[in-house]
Amino acid sequence: MLLIAVVGLGSSLVSRANEIHFLNALVSVAVVVAIYVFVGNSGVLSFGQISFVALGAFASGVMTVPLESKTGILPELFPVLRDHTIGNAASLLLAAAVGGVFAFLVGLPLMRLSGLAAGIATFAVLEITHNLLREWTKIGPGATTLSLVPESGTLQATVGALLVVVVAYAYQRSSLGRKARATREDPAAAQAVGISVHRQRLWAFTLSGALCGFAGGLLVHMLGSITTEQVYLELTFLTLAMLVVGGVTSLWGAVVGALAVSGLESLLGNAEDGIDVGFTLDLPEGSRLVILGALMALMLILRPSGLTGGRELRLPRRPV
Amino acid sequence: MILGALDAQTLVDAVGLGAVYALMAVGIGLVFGVLRLVNFAYGQLIMAGAYTLAFTSDWPLATSILACFVVVIALSLLMELAVFRPLRTASPAVMLVTTFALAFLLQNLALILDIRDGTLGEPAVSLASLNQAVSVGGVDVRKVTILAVVVAAVTLGLLALLLGRTRIGLHMRAASTDFRTARLLGVRADTVIGVAVLLSGVVAATVAVILTVQLPFVEPQFALKETIVVLVGVVVGGIDRLWTATLGGFAIGFASGVINGALPTDKTVFLPSALFALVILVLLLRPAGVFAPGRTAVVDRV
Numbered sequence: 022m023l024l025i026a027v028v029g030l031g032s033s034l035v036s037r038a039n040e041i042h043f044l045n046a047l048v049s050v051a052v053v054v055a056i057y058v059f060v061g062n063s064g065v066l067s068f069g070q071i072s073f074v075a076l077g078a079f080a081s082g083v084m085t086v087p088l089e090s091k092t093g094i095l096p097e098l099f100p101v102l103r104d105h106t107i108g109n110a111a112s113l114l115l116a117a118a119v120g121g122v123f124a125f126l127v128g129l130p131l132m133r134l135s136g137l138a139a140g141i142a143t144f145a146v147l148e149i150t151h152n153l154l155r156e157w158t159k160i161g162p163g164a165t166t167l168s169l170v171p172e173s174g175t176l177q178a179t180v181g182a183l184l185v186v187v188v189a190y191a192y193q194r195s196s197l198g199r200k201a202r203a204t205r206e207d208p209a210a211a212q213a214v215g216i217s218v219h220r221q222r223l224w225a226f227t228l229s230g231a232l233c234g235f236a237g238g239l240l241v242h243m244l245g246s247i248t249t250e251q252v253y254l255e256l257t258f259l260t261l262a263m264l265v266v267g268g269v270t271s272l273w274g275a276v277v278g279a280l281a282v283s284g285l286e287s288l289l290g291n292a293e294d295g296i297d298v299g300f301t302l303d304l305p306e307g308s309r310l311v312i313l314g315a316l317m318a319l320m321l322i323l324r325p326s327g328l329t330g331g332r333e334l335r336l337p338r339r340p341v
Numbered sequence: 015m016i017l018g019a020l021d022a023q024t025l026v027d028a029v030g031l032g033a034v035y036a037l038m039a040v041g042i043g044l045v046f047g048v049l050r051l052v053n054f055a056y057g058q059l060i061m062a063g064a065y066t067l068a069f070t071s072d073w074p075l076a077t078s079i080l081a082c083f084v085v086v087i088a089l090s091l092l093m094e095l096a097v098f099r100p101l102r103t104a105s106p107a108v109m110l111v112t113t114f115a116l117a118f119l120l121q122n123l124a125l126i127l128d129i130r131d132g133t134l135g136e137p138a139v140s141l142a143s144l145n146q147a148v149s150v151g152g153v154d155v156r157k158v159t160i161l162a163v164v165v166a167a168v169t170l171g172l173l174a175l176l177l178g179r180t181r182i183g184l185h186m187r188a189a190s191t192d193f194r195t196a197r198l199l200g201v202r203a204d205t206v207i208g209v210a211v212l213l214s215g216v217v218a219a220t221v222a223v224i225l226t227v228q229l230p231f232v233e234p235q236f237a238l239k240e241t242i243v244v245l246v247g248v249v250v251g252g253i254d255r256l257w258t259a260t261l262g263g264f265a266i267g268f269a270s271g272v273i274n275g276a277l278p279t280d281k282t283v284f285l286p287s288a289l290f291a292l293v294i295l296v297l298l299l300r301p302a303g304v305f306a307p308g309r310t311a312v313v314d315r316v
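Residue numbers (my numbering), protein chains in the order written: chain A, 22 to 341; chain B, 15 to 316.
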């Protein structure tokens with residue numbers, strides 16, 4: 022948590038040009054921790070969490086576009102969406118609500134699946150969400166860019182990311198979180214002591230969906246404009262890479278992975294344009310994702326528990 | 015209205031598409047059978063083959079196609095050695111995530127290679143003459159459609175012979191039924207998996223040749239959409255058996271061909287949603303697939 026505060030503070034100190042990288046890292050933390058709440062605690066793979074990020078981003082984005090420009094850029098919206106605009110904070114709550122409700126409805130049937138089937142079914146959810154957001158112009162901008170979303174600075178991203186981490190931490194320490202992790206470790210034993218695997222997974226999925234939606238709100242306010250392609254396969258890949266690199270089974274792993282990989286990603290993204298790091302580093306376009314893909318595959322093969330080994334951070338205690 | 019627009023032309027094209035998808039389904043199903051691995055990166059094998067065809071388009075045709083097969087098979091075996099083998103004991107979900115990473119890696123590697131000349135995408139035109147149509151009973155049939163159907167039929171026939179009549183085929187069937195018991199009875203794991211991966215590479219190269227005729231412009235995203243649709247078909251048909259997976263692949267290719275041919279574009283924009291909703295329904299209600307006999311499920315549920 023201290024780490025995030027430091028990143029937040031750091032981003033307000035550095036120059037305008039570098040600020041975006043810090044913001045990016047903060048929002049990445051929010052998204053990855055939100056995914057961790059489900060994938061990490063339940064042990065079930067999901068490719069679908071980015072669909073809740075997408076929904077949150079578009080819900081929050083569409084509702085904060087200033088009224089006077091709304092009819093111009095989003096003419097086909099449902100009247101209720103077109104004629105109202107809400108503030109940033111309210112839009113984040115709305116994003117969380119939309120994400121949570123949608124995750125609950127989707128999770129109700131899907132949480133009966135696990136393993137491979139869960140992976141494929143959640144992937145299907147991502148495809149459906151993407152298809153609907155892209156083609157249904159009554160609820161959003163469709164295939165065009167949603168622009169004119171008010172941008173918000175470091176404070177919102179920092180507080181937002183902190184909030185997500187705090188909620189994730191509180192959940193994981195609560196009895197619900199412990200039950201969810203029990204179903205991860207041994208579903209049969211968990212059921213034998215009276216824990217409903219389906220119900221616990223559904224709780225985790227819903228909370229994760231709400232946090233994902235919230236993080237999507239942070240994302241859209243960081244970017245100021247967004248297309249459906251930005252919250253689709255590549256983001257799914259990036260965030261899964263962050264989670265895997267950090268360590269899927271711990272909150273600390275999710276935070277470390279998000280910060281490390283988004284830092285690396287920013288660096289490589291700059292290197293694709295050519296930067297000076299003692300010598301001039303100039304990588305061809307696309308090498309960013311090649312390196313991240315290789316890193317993720319290597320991590321899965323050589324150290325499946327991630328950088329942190331799946332453990333939480335323990336401060337050394339003074340002997341009493 | 016749908017039936018009205020369903021002329022012989024649409025049906026022929028749909029069969030051609032179904033044949034290509036059935037081939038891809040075979041390639042995915044073969045590896046799944048022995049490894050329990052859903053290969054997200056299968057489309058990138060095809061993409062690699064298509065790029066090979068594009069980069070070698072000024073070579074003699076036979077050499078160019080040979081190069082395509084060599085590259086795809088080599089890449090396929092490399093994948094097995096470097097990635098699938100170390101992960102053999104990992105859970106199917108971990109393997110799925112890894113091939114997802116692999117797909118991104120290969121796609122962007124292709125991007126790097128592709129934009130060296132400053133433009134995105136390469137034309138692969140060496141086989142363009144196959145796009146010419148021949149008239150069969152008043153219906154224009156592109157030569158490539160005939161090729162696709164013939165190649166698919168021959169490949170499936172050969173595969174059926176291999177699996178049904180040879181020793182290695184027997185081993186592969188044994189391994190896909192129960193890998194551990196098969197090993198205990200003397201089936202060599204590395205050989206069986208190697209052959210499955212090799213065959214799936216051969217199929218991928220074949221698909222690359224056919225697909226570049228139909229879509230002569232090769233990009234890093236080449237075959238990505240097709241692979242996702244085929245995965246849908248395979249799951250809906252029943253991934254646990256090779257023939258149900260193949261049938262699923264053919265069915266989804268045929269169905270999309272018919273729907274896209276019969277309906278105007280603005281009516282098909284939500285088609286992907288319907289397809290993926292179907293996947294979820296099948297996984298929930300009939301996890302062994304719609305073509306699988308009985309209700310034996312490979313999917314563990316809670």
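It is possible that part of the hints are untrue.
[Unchecked claim] In silico negatives: residues of chain A with every beta carbon more than 12 Å from chain B: (1) VAL122; (2) HIS151; (3) ILE312.
[Stated by the list, open to error] Restricting the straight-line Cα-Cα distance to at most 30 Å, the calculated cross-link-like pairs of lysine-lysine (DSSO-like) are: (4) B:LYS239 x B:LYS157; (5) A:LYS91 x B:LYS281; (6) B:LYS157 x A:LYS159.
Hints are computed from structural coordinates only; laboratory data are not their basis. The structure presented is a predicted model; accordingly, all values stated were derived computationally and were not measured. For glycine and all other residues, C-beta sits at the position ideal for the given N, C-alpha and C.
Just checking, A:ILE312 versus chain B, shortest CB gap more than 12 Å? Nearest chain B Cβ is 9 Å from A:ILE312, so the label is violated.
Next pair to validate is B:LYS157 with A:LYS159; report whether the Cα-Cα distance is within 30 Å. At roughly 43 Å apart (the allowed maximum being 30 Å), A:LYS159 and B:LYS157 break the hint.
With d taken as the least Cβ-Cβ distance between A:VAL122 and chain B, does d exceed 12 Å? Holds, because the least Cβ-Cβ distance between A:VAL122 and chain B comes to about 18 Å, which exceeds 12 Å.
Would you assess whether A:HIS151, listed as outside the interface, keeps its beta-carbon beyond 12 Å of every beta-carbon in chain B? violated (8 Å)
Agreement of B:LYS239 and B:LYS157 with the hint, judged by alpha carbon distance not exceeding 30 Å: holds (24 Å)
A:LYS91 and B:LYS281: Cα distance at most 30 Å? Holds - the C-alpha atoms of B:LYS281 and A:LYS91 are around 27 Å apart, at most 30 Å.
When the structure is compared with the earlier hints, violations turn up for hints 2, 3, 6 and for no others.
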